[in-house]
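Just so you know, UniProt numbering puts 81 at position 81 of the sequence shown, and the rest follows in order with no gaps.
Be a bit skeptical, because a hint or two may be false.
Okay, the calculated beta carbon distance ranges per label pair [claimed, not checked]:
| # | residue 1 | residue 2 | range |
| --- | --- | --- | --- |
| 1 | Ala413 | Glu170 | 31 to 37 Å |
| 2 | Asp332 | Thr376 | 36 to 42 Å |
| 3 | Thr448 | Arg99 | 24 to 30 Å |
| 4 | Ala125 | Glu398 | 25 to 31 Å |
| 5 | Glu421 | Arg114 | 22 to 28 Å |
| 6 | Ile254 | Asp229 | 35 to 41 Å |
| 7 | Glu421 | Ser179 | 36 to 42 Å |
| 8 | Arg114 | Ile408 | 55 to 61 Å |
| 9 | Asp328 | Trp236 | 21 to 27 Å |
| 10 | Asp163 | Ala125 | 52 to 58 Å |
Below, a list of computed lysine-lysine pairs in the DSS-like style, where the Cα atoms sit at most 25 Å apart [said to hold, decoys possible]:
| # | residue 1 | residue 2 |
| --- | --- | --- |
| 11 | Lys134 | Lys123 |
| 12 | Lys461 | Lys105 |
| 13 | Lys120 | Lys105 |
| 14 | Lys442 | Lys461 |
| 15 | Lys147 | Lys135 |
| 16 | Lys176 | Lys389 |
| 17 | Lys399 | Lys412 |
Hints are computed from structural coordinates only; laboratory data are not their basis.
Note that the Cβ used here is the ideal one computed from N, Cα and C, for glycine as well.
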Amino acid sequence: LHGRRRRSLSVARSPWEYSLPSSSRSSSRATSRSSSARQSPTVSWPSRSPQASERLHGRRRCSLSVARSPSISSAASSRRGSEDTACSVGTESSIQELRDIFELKDELHGVEERYMQKLKEMKEATDGAQEKYKKAMVSNAQLDNEKAALSYQVEVLREALEDVAEQSAEARRELKSLSNHHQHQHHQHHQHHHQHHPPPPAGCANSAVLQEIPSLQRKEDALAREVFDLRETVNWKEKKITALERQKEYYECIRAERDELRAEVALLREKTKKLSLGVAVNGDEFDAARDSGMLDHVAPTAAEAAVLVSLSKHSADVRLKRLTEENDALLDELRRTSQQLEEERRCRARVEVAFARPSPSELEDDFYLRDLQRETNKHLSEYKYKLAKSEQEKATLEKNILRLQGQISRHKAAADGAEKEEDELKADRRRLQRELHMALEKLDEMETTNNHLMMRLSKLKAKRDMAYAQQ
1 LHGRRRRSLS VARSPWEYSL PSSSRSSSRA TSRSSSARQS PTVSWPSRSP QASERLHGRR
61 RCSLSVARSP SISSAASSRR GSEDTACSVG TESSIQELRD IFELKDELHG VEERYMQKLK
121 EMKEATDGAQ EKYKKAMVSN AQLDNEKAAL SYQVEVLREA LEDVAEQSAE ARRELKSLSN
181 HHQHQHHQHH QHHHQHHPPP PAGCANSAVL QEIPSLQRKE DALAREVFDL RETVNWKEKK
241 ITALERQKEY YECIRAERDE LRAEVALLRE KTKKLSLGVA VNGDEFDAAR DSGMLDHVAP
301 TAAEAAVLVS LSKHSADVRL KRLTEENDAL LDELRRTSQQ LEEERRCRAR VEVAFARPSP
361 SELEDDFYLR DLQRETNKHL SEYKYKLAKS EQEKATLEKN ILRLQGQISR HKAAADGAEK
421 EEDELKADRR RLQRELHMAL EKLDEMETTN NHLMMRLSKL KAKRDMAYAQ Q
């Protein structure tokens, strides 16, 4: 009996380990799980509190004292009691082991669930990262294609720009050659003209010029005198015109006064007519007017009106006649001066034309020079038209160049933006690869912990089987 008890105590767990309260067991399991999750993937047995250890020692002492105490009753009853206690201890230990096994199974199931959940999350994260990576690669390929297309367009535009520059340079060279050719033709024409129209001999020309000099000097002196006289007459006429204008202003003032006097005379005549009608009334009316006092007022006005009419008629007629005569005289004088001024202007024009009239040889030279100038002007107009056309083409080409440069700048900006996006996508890809690597490492750690727990479970099962076999 004592040997069997010792074997049961040595092989199986002691009963004090299973007699602990559920709260202490749960707390010990929680602490063991937290410590195993924090420290290492290995699973440690639950730690025992000091109270549990004291209870353990007390129960052990009790069990040993019960086992070793001498029996008071008979030997059969003592044997029976010891066998009952051993059986009860074995059943309790097996029940507790089963409980521990089920709890470990639950823990393993929870660990497996968490492991599968984390594995699923990591797979989803890896799938999302792969999708993002694929999208980034597709966008990078598209951007590379766009970059290649833009670079091709830039090359084409550069070639077009070079062609335009060559055309403009060629047009400038043609214009320069045409201008040189025109200058050469002009010089040849001038030489040809001198060859076909030689100048007169020097002696004849000098003698003719010497003979013409005194006559020309006399003509010049006469014309200078005439011009001086004409200038004096013009100045005198201008002074006279200013004086006539002043007189005209004075006559206009006099005309205004005359009009006013005529209006006054008309008023006075009307008043005299009214007064004559008043004087021609009969005696009754005259007496009534005298009695009423109206005659005293009418008589002096009638006398004054008669005097004024007689004076105004005489003075107004005289002044009007004098003014009309002066006005007619001034108008005649103004006409004569204007006619003289026109004649003097005509004479001056004839003199200027006589001085400016060229000789027949000069006229021939002038005609020839005019024809030559006409031809040169024609060529110049053609060259100017070509130059304007080339300038217009140059302006259009410069506009096209500016437009193409703007497009190139925009394409460059787009390419820079695409490169920045590509760099960002590469950085995202590296970050996702790091996250994937970390997730795989965590997955490996969880697999190792799972394997360790499975090994622990297998060891516990083996111990349980050994305990059943020994019992």
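These are the hints, each one checked on the structure:
A hinted range of 31 to 37 Å for the beta carbons of alanine 413 and glutamate 170 is consistent with their spacing of about 34 Å. Distance hint check: the CB atoms of aspartate 332 and threonine 376 are about 58 Å apart, inconsistent with the given range 36 to 42 Å. Look at threonine 448 against arginine 99: about 28 Å separates their beta carbons, and that is inside 24 to 30 Å. The hint said 25 to 31 Å for the Cβ distance between alanine 125 and glutamate 398, and at roughly 57 Å that hint is violated.
A C-beta distance of roughly 39 Å is found between glutamate 421 and arginine 114, which places it outside the suggested range of 22 to 28 Å. Checking the proposed 35 to 41 Å range against isoleucine 254 and aspartate 229 shows it holds: the Cβ atoms sit about 36 Å from each other. A C-beta distance of roughly 56 Å is found between glutamate 421 and serine 179, which places it outside the suggested range of 36 to 42 Å. The hint said 55 to 61 Å for the Cβ distance between arginine 114 and isoleucine 408, and at roughly 59 Å that hint holds.
Restraint check, aspartate 328 to tryptophan 236: a C-beta distance of roughly 23 Å satisfies the suggested window 21 to 27 Å. The hinted range of 52 to 58 Å is satisfied by aspartate 163 and alanine 125, whose Cβ atoms lie roughly 56 Å apart. This hinted pair checks out: lysine 134 and lysine 123 have alpha carbons roughly 16 Å apart, not beyond 25 Å. Pair hint lysine 461 plus lysine 105 holds up; C-alpha atoms about 11 Å apart against a cutoff of 25 Å.
Between lysine 120 and lysine 105 the alpha-carbon distance is near 22 Å, which keeps this suggested pair within the 25 Å criterion. A C-alpha spacing of about 28 Å is found between lysine 442 and lysine 461, which places the hinted pair above 25 Å, so the restraint is violated. A threshold of 25 Å between alpha carbons decides the hint, and for lysine 147 with lysine 135 the separation of about 18 Å falls inside it, so the pair holds. Straight-line distance between C-alpha atoms of lysine 176 and lysine 389 comes to about 15 Å, which keeps the hinted pair within the 25 Å bound.
Under the criterion of a C-alpha separation no larger than 25 Å, the hint pairing lysine 399 with lysine 412 is consistent with the structure, at around 20 Å.
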